[in-house]
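*Asks:* Here is what each chain is made of, one letter per residue.
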Amino acid sequence: MNQSSIEQLKKTPLNARHRALGARMVPFAGWDMPVEYSGIVNEHLAVRTKAGLFDVSHMGQIELAGKDALAAVQKVSTRDAAKLSVGQAQYSALTTSEGTFIDDLVVYRLAAEHYLLVVNAGNIEKAYRWIVDHTRDVGDVAVVNSSSRYALLAVQGPAALEIVQQLTTIELSSIKYYWFAHGEVAGVRSIISRTGYTGEDGFELYIPPASAERLWNTILETGAAAGIAPVGLGARDTLRLEAGIHLSGQDMDETTTVLEADLGWIVGWKKDDFIGKATLERQKAGGLERKLVGFEVTAPGIARHGYKAYAGGGEGAVTSGTQTPLLKKAVGLAYLPIGATVIGTEFEIDIRGRRTPARVISRQFYKRSGS
Amino acid sequence: MYPADRRYTKDHEWITVNGTHGRVGITDYAQKQLGDVVFVELPEVGRGVTQGQAAGTIESVKAVSELFSPVSGKVINVNATLASKPETVNKDPHGTWLFDIELSSPGEVDTLLTSDQYAEFVK
Numbered sequence: 001m002n003q004s005s006i007e008q009l010k011k012t013p014l015n016a017r018h019r020a021l022g023a024r025m026v027p028f029a030g031w032d033m034p035v036e037y038s039g040i041v042n043e044h045l046a047v048r049t050k051a052g053l054f055d056v057s058h059m060g061q062i063e064l065a066g067k068d069a070l071a072a073v074q075k076v077s078t079r080d081a082a083k084l085s086v087g088q089a090q091y092s093a094l095t096t097s098e099g100t101f102i103d104d105l106v107v108y109r110l111a112a113e114h115y116l117l118v119v120n121a122g123n124i125e126k127a128y129r130w131i132v133d134h135t136r137d138v139g140d141v142a143v144v145n146s147s148s149r150y151a152l153l154a155v156q157g158p159a160a161l162e163i164v165q166q167l168t169t170i171e172l173s174s175i176k177y178y179w180f181a182h183g184e185v186a187g188v189r190s191i192i193s194r195t196g197y198t199g200e201d202g203f204e205l206y207i208p209p210a211s212a213e214r215l216w217n218t219i220l221e222t223g224a225a226a227g228i229a230p231v232g233l234g235a236r237d238t239l240r241l242e243a244g245i246h247l248s249g250q251d252m253d254e255t256t257t258v259l260e261a262d263l264g265w266i267v268g269w270k271k272d273d274f275i276g277k278a279t280l281e282r283q284k285a286g287g288l289e290r291k292l293v294g295f296e297v298t299a300p301g302i303a304r305h306g307y308k309a310y311a312g313g314g315e316g317a318v319t320s321g322t323q324t325p326l327l328k329k330a331v332g333l334a335y336l337p338i339g340a341t342v343i344g345t346e347f348e349i350d351i352r353g354r355r356t357p358a359r360v361i362s363r364q365f366y367k368r369s370g371s
Numbered sequence: 001m002y003p004a005d006r007r008y009t010k011d012h013e014w015i016t017v018n019g020t021h022g023r024v025g026i027t028d029y030a031q032k033q034l035g036d037v038v039f040v041e042l043p044e045v046g047r048g049v050t051q052g053q054a055a056g057t058i059e060s061v062k063a064v065s066e067l068f069s070p071v072s073g074k075v076i077n078v079n080a081t082l083a084s085k086p087e088t089v090n091k092d093p094h095g096t097w098l099f100d101i102e103l104s105s106p107g108e109v110d111t112l113l114t115s116d117q118y119a120e121f122v123k
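Chains H and P supply the protein sequences, listed in that same order.
At position 231 of the first sequence (counting the first as 1) the number is 231 in my numbering, and the numbers step up by one without a gap.
At position 5 of the second sequence (counting the first as 1) the number is 5 in my numbering, and the numbers step up by one without a gap.
Since the hints were made in silico from the structure, they are not lab data.
Predicted model, so just to flag it, every value in this text is computed and none were measured.
Hints should not be assumed to be uniformly reliable.
Claimed, not checked - List time: in silico EDC-like cross-link candidates among lysine to aspartate or glutamate, alpha-carbon distance up to 16 angstroms:
| no. | chain 1 | residue 1 | chain 2 | residue 2 |
| --- | --- | --- | --- | --- |
| 1 | H | 50 | H | 221 |
| 2 | P | 62 | H | 237 |
| 3 | H | 277 | H | 80 |
| 4 | H | 329 | P | 87 |
| 5 | H | 11 | H | 213 |
| 6 | H | 328 | P | 87 |
| 7 | P | 32 | P | 11 |
| 8 | H | 126 | H | 63 |
| 9 | H | 83 | H | 113 |
For reference, chain H alone in the conformation it holds in the complex (with noise of 0.2 angstroms):
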């Protein structure tokens, strides 16, 4: 990479912390971000086992605020929004009328008129324009790309909520899964949100970008104790294909409908209308033709994104894959033709050229104990 693209790339405000760190930065979605510190499995298994400290500020940040902003989220978003309570949030989809993926997205309820969306790096724009071309004629919602006002830090792993809780006085063990709380953290105006991506308990702290280095640190050095390690991009992709969460834009995208990633469980099937219900009613009512399923392979290899696959007579396609660190074995997902989707169904993946059997299982590779 030559300097002038690495000028392109954008920034986040611990830029300077990762490299200090001696991190390994690489580029991605457009932002120069931090793939590994320690390495990957040791990054990986001190979140598995203790906690980790995720830079995630490059993810956007989109909201909707007046009237009719329920009624606007109810049209791009395919989960039911007006379930969610003050205070509650969910995991949902952007959709095309097709019922495919613009993004996933987690979908905030600030305040009674008042929804922040979060999105994904490479996806900003395209989610922004997207929601703002679909909602003009809803009424009276103003929305905002407000990415540049948030920095977003991820305590993540079984220490996460010991280590935070030092640093605040809102009862952390209070606010449930999926349900988020405004306070200070070591004094940093924060939106403290019980989510992540790794498949263990932790927060995410939406922050006002100055005050990004400073929480950082003291949140490194509050739970150096407890073994908390700074986690880059690397194992951020092994810990949530470990817990079986999908990658948007790698495992579904413009191609693959909500149904096909299986995900129909955010698909708010009695509210009023979205975006691609129809064509997701219909693909409901008469069938699919492939599907997302978890996979372990039972041979030697490891399988990788965008491998061919074959199964029950035809062909599908591995979307993400790897050997996980903590189960040390080869898992991944892949879309498979639907008679080949049942757990227990036995396929072939070509591994550079070699054909190796391969299982589908339940995609919830790692389950945490307790969850």
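Assemble chain P onto chain H, guided by the hints.
*Replies:* Below, chain P without anything else, positioned relative to chain H:
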């Protein structure tokens, strides 16, 4: 940093040679670039390999890369302990061998980099 008792390739393998017997591994630079190694696929014993051609694969958590043979010849032994402990490639790259080879053209060794040349190459 890079031991002088062996030769190196621009693909980041090393080879020690004793007569027509060679022993192959990957360099510290290579293991750092790869990150945590989780799977090593070695050539079958008895297989013929050609200098500069793929002889196996090394996979880290994030990527797969090919292992090239530094010289031509026949594979006579592979390090079976790597199947269960691939991480030793990261811990001790210059002390961890991958496969042994009976050289068919020992003169090829002279085409490889010395430790000084390799150190310069990866600088």
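*Asks:* Now look at each hint and say whether the structure bears it out.
*Replies:* A quick look at each hint next to the structure:
no.: 1; hint: 50/H to 221/H; result: holds (14 angstroms)
no.: 2; hint: 62/P to 237/H; result: holds (9 angstroms)
no.: 3; hint: 277/H to 80/H; result: holds (12 angstroms)
no.: 4; hint: 329/H to 87/P; result: holds (14 angstroms)
no.: 5; hint: 11/H to 213/H; result: holds (13 angstroms)
no.: 6; hint: 328/H to 87/P; result: holds (12 angstroms)
no.: 7; hint: 32/P to 11/P; result: holds (14 angstroms)
no.: 8; hint: 126/H to 63/H; result: holds (15 angstroms)
no.: 9; hint: 83/H to 113/H; result: holds (13 angstroms)
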